[in-house]
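Construct all of the structure, not just a fragment, from the sequences and the given hints.
Protein chains: 2
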Amino acid sequence: MKVVTTIAELKQFVQQTKKEQKTIGLVPTMGYLHDGHLTLARTAKADNDVVIMSIFVNPTQFGPNEDFESYPRDLPRDTELAQSAGVDVIFAPSVEEMYPADGGIKLLVGRQATILCGASRPGHFDGVVQVVAKLFHLAEPMRAYFGQKDAQQVAIIETLVRDFNFPLEIKTIAIVREEDGLAKSSRNVYLSEQERAEAPAIFAALNIAKAHFLQTQNAQEAIALADKHITTNTAGRIDYLQLLSYPDLAAITAQTNKFLLAVAVYIGKTRLIDNLIFQIEGE
Amino acid sequence: MKVVTTIAELKQFVQQTKKEQKTIGLVPTMGYLHDGHLTLARTAKADNDVVIMSIFVNPTQFGPNEDFESYPRDLPRDTELAQSAGVDVIFAPSVEEMYPADGGIKLLVGRQATILCGASRPGHFDGVVQVVAKLFHLAEPMRAYFGQKDAQQVAIIETLVRDFNFPLEIKTIAIVREEDGLAKSSRNVYLSEQERAEAPAIFAALNIAKAHFLQTQNAQEAIALADKHITTNTAGRIDYLQLLSYPDLAAITAQTNKFLLAVAVYIGKTRLIDNLIFQIEGE
Chain A
96 MKVVTTIAEL KQFVQQTKKE QKTIGLVPTM GYLHDGHLTL ARTAKADNDV
146 VIMSIFVNPT QFGPNEDFES YPRDLPRDTE LAQSAGVDVI FAPSVEEMYP
196 ADGGIKLLVG RQATILCGAS RPGHFDGVVQ VVAKLFHLAE PMRAYFGQKD
246 AQQVAIIETL VRDFNFPLEI KTIAIVREED GLAKSSRNVY LSEQERAEAP
296 AIFAALNIAK AHFLQTQNAQ EAIALADKHI TTNTAGRIDY LQLLSYPDLA
346 AITAQTNKFL LAVAVYIGKT RLIDNLIFQI EGE
Chain B
96 MKVVTTIAEL KQFVQQTKKE QKTIGLVPTM GYLHDGHLTL ARTAKADNDV
146 VIMSIFVNPT QFGPNEDFES YPRDLPRDTE LAQSAGVDVI FAPSVEEMYP
196 ADGGIKLLVG RQATILCGAS RPGHFDGVVQ VVAKLFHLAE PMRAYFGQKD
246 AQQVAIIETL VRDFNFPLEI KTIAIVREED GLAKSSRNVY LSEQERAEAP
296 AIFAALNIAK AHFLQTQNAQ EAIALADKHI TTNTAGRIDY LQLLSYPDLA
346 AITAQTNKFL LAVAVYIGKT RLIDNLIFQI EGE
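Heads up: the sequence lines are chains A and B, in that order. If you're matching positions, the first sequence starts at 96 in our numbering and goes up one per residue. If you're matching positions, the second sequence starts at 96 in our numbering and goes up one per residue.
Because the hints were derived from the structure by calculation, they are not lab data. A hint or two may mislead.
Any copy, or any two copies together, can satisfy a pair, since identical chains are not distinguished.
[Unchecked claim] In the SDA-like style, the derived pairs of lysine to any residue whose C-alpha atoms are separated by at most 20 angstroms in a straight line are:
#, residue 1, residue 2
1, K266, D144
2, K323, Q243
3, K113, E264
4, K106, R238
5, K97, L176
6, K117, V152
7, K201, D258
8, K353, G199
9, K353, A196
10, K201, P217
11, K201, A345
Right, dumping it as structure tokens:
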């Protein structure tokens, strides 16, 4: 496995790979790799001849009061883990390498960025699509891999690819869950024993809402049932719980055929997110 | 030569061409081809194995009071001309084919769009970079060709390619001039005999300013000389006359090494533009 830090080195590798008619899978990360990242890398390796993983803590997606400086970084450890998952090249550029100049042209996400997790992070998703567009152009992948856990991020990136015709496919990896259904998260360790026992109610609530909606097409009732299940079975406070069209993240209509059911809940001080993406089955 | 109107057909051609390891040159146009477009196509053909010309009157770069509906269109004539210039594929999509959905993600040009020709056309260059980014992703060219006559457009597209790392090269074709130096334009026919006789003073003024600036590094004096040459030798009214850094289109500093000297002049009712792009020679 190679670790490259300059755009010139990465482009040389990409050009050589293309010349050999090999396919490239890209796994964009901010490093400090966990199981989720490694699943993305292993899936990319199964689908493509070559896997490029970017490790770049992107300053433009952090707000002024967010933790850009203190975001955890450990390239030696990441390198070892990435290699074990079959990554061929790590691209770990400096901020100066990625943003040497600023001519003032920006990608701005619209309505999709104003809701769900975006409501409390203005500018965050603009930074995400900026760095993702750059990485897509630099690595020229046939497929790029993202975790469905960050469903809003994936929806926005799928919209970017669709509306700007990027010549690649977005692959989404399903949420990895504990045996009782709780979505895996590095934050789960913050939960007390009682909170941890209650937390699976979040996933259960999503399933209740999905089943009710598929049966009745009544979104309002479905959401109310999920809301009741969470508030009855946990001491948590719901941040958001919404059923939207996917990937546009707009209000659903009779024409909507793909859905995102997304939830964020504060269990004590710990904010947990989860979601389901589903379609109405053909008749 | 093929004429394709769907993205699916274009992508199929592009994928086959890439498989054969042939290089692609892209010439984006709004059709109603003139000599300038054909020079772009012939240059693209000399540099690349295959030339794709897009013919698409892009609605998103027209303002609400501009001439999108009445913009001239003549695909049969364009097809003949493009073939004669060596174009391999014309991509002539409908508006619905290019913009089937709108998830609300936009490319916004910053300061570069607020000056020169952009000052009177808010949103114009946002529409230009939107369609250009889409065409770059659809045609996947190694090189894309633009005329230097629209220097601000080229500067913005070069900035787009640089700041978003598009994997291609922008090639600029020099302004084609009449024997007396006047930049060729379909608008020149609107000039009266007297106006036509005066119009070469515009190009002469740019050369005077450039020579003075290269000798003295005094931009203000250089601009004043050009201004005086135009107002003395024509009955024209200067819309703008500016010396800026290229491609950032910012105020020049001691560090600036590439320059755009751009002018727009109303000669009677006819608005003529011209420009020079130049560097300070190494010592």
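Now for the hints, and whether the structure bears them out:
no. : hint          : verdict
1   : K266 <-> D144 : within (16 angstroms within a copy, 33 angstroms between copies)
2   : K323 <-> Q243 : neither (25 angstroms within a copy, 64 angstroms between copies)
3   : K113 <-> E264 : both (17 angstroms within a copy, 17 angstroms between copies)
4   : K106 <-> R238 : both (17 angstroms within a copy, 16 angstroms between copies)
5   : K97 <-> L176  : within (13 angstroms within a copy, 49 angstroms between copies)
6   : K117 <-> V152 : neither (28 angstroms within a copy, 36 angstroms between copies)
7   : K201 <-> D258 : both (16 angstroms within a copy, 9 angstroms between copies)
8   : K353 <-> G199 : between (35 angstroms within a copy, 18 angstroms between copies)
9   : K353 <-> A196 : between (39 angstroms within a copy, 15 angstroms between copies)
10  : K201 <-> P217 : both (14 angstroms within a copy, 16 angstroms between copies)
11  : K201 <-> A345 : between (23 angstroms within a copy, 17 angstroms between copies)
In this structure, the hints that do not hold are numbers 2 and 6, in rising order.
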